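2 protein chains.
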Amino acid sequence: MQKQSKTIYLDHAATTAVDPRVVEAMLPYFNPQYGNASSIYGLGQEAAEAIDEARRTVADILGCQPREVIFTSCGTESDNLALRGVGWARRNLGKGNHIITSPIEHHAVSHTCEHLKKHFGFEITYVPVDKHGLVDPDDVSRAIRDDTILISIIYANNEVGTIEPIAEIGKVARQMGVPFHTDAVQAGGVLSLDVDQLNVDLLSLSAHKFYGPKGVGVLYARKGVPLLPTQTGGAHERNRRAGTENVPYIVGLATALKIAHEELEAHNQRIATLRDRLIAGVLESIVEVELTGHPTNRLPNNASFVFKYIEGEAMLLNLDLAGICASSGSACSSASLEASHVLLALGLPHEVAHGSLRLTLGRENTEEDVDYVLETLPGIVQKLRDMSPLYSN
Amino acid sequence: MQKQSKTIYLDHAATTAVDPRVVEAMLPYFNPQYGNASSIYGLGQEAAEAIDEARRTVADILGCQPREVIFTSCGTESDNLALRGVGWARRNLGKGNHIITSPIEHHAVSHTCEHLKKHFGFEITYVPVDKHGLVDPDDVSRAIRDDTILISIIYANNEVGTIEPIAEIGKVARQMGVPFHTDAVQAGGVLSLDVDQLNVDLLSLSAHKFYGPKGVGVLYARKGVPLLPTQTGGAHERNRRAGTENVPYIVGLATALKIAHEELEAHNQRIATLRDRLIAGVLESIVEVELTGHPTNRLPNNASFVFKYIEGEAMLLNLDLAGICASSGSACSSASLEASHVLLALGLPHEVAHGSLRLTLGRENTEEDVDYVLETLPGIVQKLRDMSPLYSN
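Protein chains in written order, with the numbering used here: chain P, 1 to 393; chain C, 1 to 393.
There could be a bad hint or two in this list.
Put simply, identical chains are the same to the list, so a pair is met inside one copy or across any two.
Below, computed lysine-lysine pairings styled on BS3-like, alpha-carbon distance capped at 25 Å [as the list claims (entries may be wrong)]:
no. : residue 1 : residue 2
1   : K118      : K223
2   : K117      : K95
3   : K308      : K383
Simulated from the structure, these hints should not be mistaken for laboratory data. Keep in mind the model is a prediction, meaning the values are calculated, not measured.
Bound-form chain P, shown alone (with noise of 0.2 Å):
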């Protein structure tokens, strides 16, 4: 097969183009905007106060103060701010070293959590979840203990898309007095941020999910939950994350996030359309596939499937032939072999969970496109069957 020449890309979940707004934002901000923002020559405070701007927009849409607001270089560096920050600071205040988390956490919430307690000694339970990657609340409260010090729960699943009960579970955790934290890399350009709805303490953000650039994140940490700074130097961010702001992104990451919440809801209404004629032609057009995740209550833009008989890898570079970018299990580790922690959590088999495929939808994808892939994967699933020898026609 010859490859296409077009390209469609359905990996939103992995990352997004910069949208133009965005750059045209940034652009200033190298040149000649380019002031240190501490900085006290008119220069530095010109920079200061487009922080300051975008802070103040970022916490409108977080329905929170704009002290509340830390710029991070990424979505993995606020949690690891949320789990190490909080995790030292109530640890070395006598509360405790018990974390709780789910098995269905991106790996900068699960690494994090297996690197502190074969490090340093923290203790880490995991609550379950169900068929459709569901924590229960009921389940939260169980776990705690005396000595739990800080609870994180994925807002959405990065890879099948299912939205979890975080407003439930943060009631559970205020009751108790044990602060919260969500990841809600995934959610940020789709859901709700309102942490007050939300019930939460922090919540993490990353720019590229939502057409910012990569390399530029937000911690959400709500005054008074102690944190101790995982990187110090200067003052910056009031002494929660030293380093000289990198403005141009901070800039960026405000913007992107404010296209993303004024267009909300029309683009997920859109986005949600061609999912939902996406996987009903999936599961229309081809035999033995399961939609992974839960059945409704999932992000917009997400599609995620396991495929019996094949390879996800193998899918992949076949699609990638017929021009359509997509991941199988985690993104972030699609170069991995090893079968996605989180299908294998949902209860799937490690050979069903090998034939994953998540195709996550954006702001520039169409009709077409969908059309496109429903007539090419069909397909790329028969000719991949008919080469493995588990699959008998």
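Keeping the supplied structure of chain P fixed, place chain C upon it in accordance with the hints.
Leaving out everything else, chain C in the frame of chain P:
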């Protein structure tokens, strides 16, 4: 005094304008080459290749293997990863918890040392510096103990520009088997970064000090040096720094470093001539002023002074009105009213350290800029002294 419309930027140690060639190199990676470098399809692999090429470029300039280059979000993160990463790795291996550093480090090192001491029980020894800010390698040698796990000495000081005898200190460290880190953030664009000649095991860089963007750095980490990551998640940077790669900035950093080192000799010669003209002019035209830092062994772009009887802050505001961007004490804490820890370590009294001024030249500065400062500064100093109760003419 009415604000000047012309701006003369003399704060290149704080930050630099992004070179238009660097912006141009970065732009395609915002859009359309926005792929996630972890994705296996073409768009992702193009991003991975851009990072590989950037890594090779940096490695060539450092004289190291590409795998020894870790891309981070800034110089501060690089310093933190070096100190926390090696500190914890070696401590957890039972090697001890003693770190040697100098009293004239950037806050990213000094505050991190103090943080490790206060919150995690590490022990810190500060070797002295002489009145020019020089560390004596013999002092480092004497400070090494059986439980010393790391030595961190700045390559060239950010306030007074003194260049430390890094190769000699590195030799001592190597003889004693202690990993040696240097914060080369100020040296990055103007001094040799050959890690073998410098005898360093870890070296920090920040792009925005050499006409690259703010928000990207490098930590060189010699193969074999134990390093516990401080930010965990995906397997990025060979499991040493998790987080989706900031492709545009990584490309930008490499482009900026390459340009700086190609143009290094001519740039340094030109800039040192301007610096010498500036220093001589200030010392000739103003009384009761002292050059700070080493008279000759200093960064080619650094002219730093203390003026008796005046506050640096007041000088900066007056210079700003005259269109001159400068800084006093450390740029990262110019907003702070504390006297610079660097100037105090050089033995200057508090009241003198408060009257500090740092002028750091850069690519776009001209002889006319220097002459303008020399015309402007004496009047400002005299005006402020005339207002000072401590000064009697």
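Evaluated hints:
When the C-alpha separation of K118 and K223 is checked against a cutoff of 25 Å, the pair qualifies only between copies, where the shortest distance is 23 Å, while the shortest distance within a copy is 30 Å. With identical chains, the CA atoms of K117 and K95 are at most 25 Å apart both within one copy (16 Å) and between copies (21 Å). Taking identical chains as interchangeable, the C-alpha atoms of K308 and K383 lie at most 25 Å apart only when both belong to the same chain, with a minimum of 13 Å there against 82 Å between chains.
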